[in-house]
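Please construct the entire structure, taking both the sequences and the accompanying hints into account.
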Amino acid sequence: MTVRELIERLLAADPNAVILHLEPHDDASDAQEVHEVMCLREEWTCERRQTNNGTTIDVNRPARHVLTLGWNAKADAQKAERVVVLSSGRPGALYD
Numbered sequence: 016m017t018v019r020e021l022i023e024r025l026l027a028a029d030p031n032a033v034i035l036h037l038e039p040h041d042d043a044s045d046a047q048e049v050h051e052v053m054c055l056r057e058e059w060t061c062e063r064r065q066t067n068n069g070t071t072i073d074v075n076r077p078a079r080h081v082l083t084l085g086w087n088a089k090a091d092a093q094k095a096e097r098v099v100v101l102s103s104g105r106p107g108a109l110y111d
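Just so we're aligned, residue 16 is where the sequence shown starts under the working numbering, counting upward by one.
It is worth saying that the hints were derived from the structure and are not from the lab.
Each hint should be verified, as a subset may be incorrect.
Unchecked claim - Restraint ranges, calculated between C-beta atoms of paired labels, are given here:
no. : residue 1 : residue 2 : range
1   : Ile-34    : Asp-73    : 18 to 28 Å
2   : Leu-25    : Asp-73    : 17 to 27 Å
3   : His-36    : Val-74    : 30 to 40 Å
4   : Gln-65    : Glu-96    : 13 to 23 Å
5   : Asp-42    : Lys-89    : 37 to 47 Å
6   : Ala-28    : Ser-102   : 11 to 21 Å
7   : Asp-73    : Arg-24    : 17 to 27 Å
8   : Leu-26    : Arg-97    : 17 to 27 Å
9   : Ile-72    : Arg-97    : 19 to 29 Å
No residue lacks a Cβ here, since even glycine has one placed at the ideal position from N, Cα and C.
In C-alpha cells form, the structure reads like this:
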C-alpha cells in the first residue's frame, strides 16, 4: 500500500478515531494501537520472494542490512523503495 492509497482510505474516517493494527491471523482482541508513524529518509530494500507454490511475498528491510535468510538470487528480486513505518511498539524501537 502506498501513502496515497492510505490517505484515500482515511478520508472517510473520523479524525478522532484510534488507529489499530491487526496481524493477519489474529482476532479483534489482539489489535494493537498504532503509537508511532515514522517517515524515513533512508531507502529500504524490498525483497520479492518466489514461494514453492508460485506465489510471491515481499520482505522489507533497511537497505544497510544484509540479505535476509532464504534469499535466492536465481528466483528472487530486490528493489529500493521509500517507506513509512507504522508501529504499535514504543517510539524508537525500530532501530533497537
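Would you say the C-beta atoms of Leu-26 and Arg-97 sit inside 17 to 27 Å of each other? With Cβ atoms ~22 Å apart, the hint holds.
Status of the given 18 to 28 Å range, CB of Asp-73 versus CB of Ile-34: For Asp-73 against Ile-34, whose Cβ atoms are near 22 Å apart, the range 18 to 28 Å holds.
Asp-73 and Arg-24, beta-carbon distance inside 17 to 27 Å? holds (20 Å)
Verdict for Asp-42, Lys-89 (Cβ pair) under range 37 to 47 Å: This hint holds: roughly 39 Å between Cβ atoms.
Verify the CB-CB distance for Ala-28 and Ser-102 against the hinted window 11 to 21 Å. For Ser-102 against Ala-28, whose Cβ atoms are near 19 Å apart, the range 11 to 21 Å holds.
Take a look at whether the Cβ-Cβ distance between Leu-25 and Asp-73 falls inside 17 to 27 Å. Check passed, 22 Å falls within 17 to 27 Å.
Starting from the range 13 to 23 Å, see whether the pair Gln-65 and Glu-96 falls in it by beta-carbon distance. holds (19 Å)
Is 19 to 29 Å right for how far apart the beta carbons of Ile-72 and Arg-97 are? holds (20 Å)
Is 30 to 40 Å right for how far apart the beta carbons of His-36 and Val-74 are? violated (18 Å)
Figure legend: structure checked against the earlier numbered hints; the only hint not met is number 3.
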